[in-house]
Amino acid sequence: MSWVRIIYCFKRTFLFFLLLAPLSLSAQELPKERKLKAAYLLNFTKYLTWPEGKINDRETAFRLCVNSDPSFFAFMQALVVKYNQSNAERKIALSHVNNATHCHMAYLQTPVEPFLPQITRAVIVLESLDVQQSNSAIRFYSQANKVRFEFDLAQLANVQVKASSELLKLARIAGK
Numbered sequence: 001m002s003w004v005r006i007i008y009c010f011k012r013t014f015l016f017f018l019l020l021a022p023l024s025l026s027a028q029e030l031p032k033e034r035k036l037k038a039a040y041l042l043n044f045t046k047y048l049t050w051p052e053g054k055i056n057d058r059e060t061a062f063r064l065c066v067n068s069d070p071s072f073f074a075f076m077q078a079l080v081v082k083y084n085q086s087n088a089e090r091k092i093a094l095s096h097v098n099n100a101t102h103c104h105m106a107y108l109q110t111p112v113e114p115f116l117p118q119i120t121r122a123v124i125v126l127e128s129l130d131v132q133q134s135n136s137a138i139r140f141y142s143q144a145n146k147v148r149f150e151f152d153l154a155q156l157a158n159v160q161v162k163a164s165s166e167l168l169k170l171a172r173i174a175g176k
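Just so it is clear: in the sequence shown, position 24 is 24 by this note's numbering, and no numbers are missing.
Derived from the structure by calculation, the hints contain no laboratory data.
Every residue gets a Cβ at the ideal spot worked out from N, C-alpha and C, and that includes glycine.
Every clue listed holds true.
Using C-beta positions, here's what the derived DEER-type ranges look like: (1) PRO117 x ALA61: 18 to 24 Å; (2) ALA39 x SER95: 16 to 22 Å; (3) PRO114 x SER165: 34 to 40 Å; (4) LEU170 x PRO114: 31 to 37 Å; (5) GLU113 x GLU166: 31 to 37 Å; (6) SER164 x GLU113: 27 to 33 Å; (7) LEU170 x GLU113: 27 to 33 Å; (8) SER71 x ALA157: 32 to 38 Å; (9) PRO70 x PRO111: 17 to 23 Å.
Pairs of lysine to aspartate or glutamate, EDC-like flavour, derived with a Cα cap of 20 Å: (10) LYS46 x ASP152; (11) LYS35 x GLU127; (12) LYS46 x GLU150; (13) LYS35 x ASP69.
Could you build all of it, start to finish, from the sequences and the hints given here?
Right, dumping it as structure tokens:
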């Protein structure tokens, strides 16, 4: 095969992958709704208060555990890296719920059965109202094409976590 033909084949292959790459990336990219949920998760950590001694020590990272598909986990990982680079006071450690020893907050795209000991004292956040998980404190839902969330104040009290009034103003309160 001549060098001209090899270069021609290389160029064609390169153009083929160059044209197909955006299609494959867009298929794996998260919808805006799920990106918003990931951002909300990080912001919840700022407006929720855990009991003294649980995460207030600067040397102890806040443990966010996630049970979701790989694309959400990867997006969440990127957000946590950016958050940790800009936040000197409290670092967030992200892990899959099955690999964690304990969690301060657990985000569940699907239910976790049997109930895992590492999320017993965690604030459990559900991706939607369709996900059924006992002891959940926060649930996302959609209303008029907007991402909303509801709080179960009794469940927050069970894990001894308090939500700021600013956060509660934005939430629907379960049971009311």
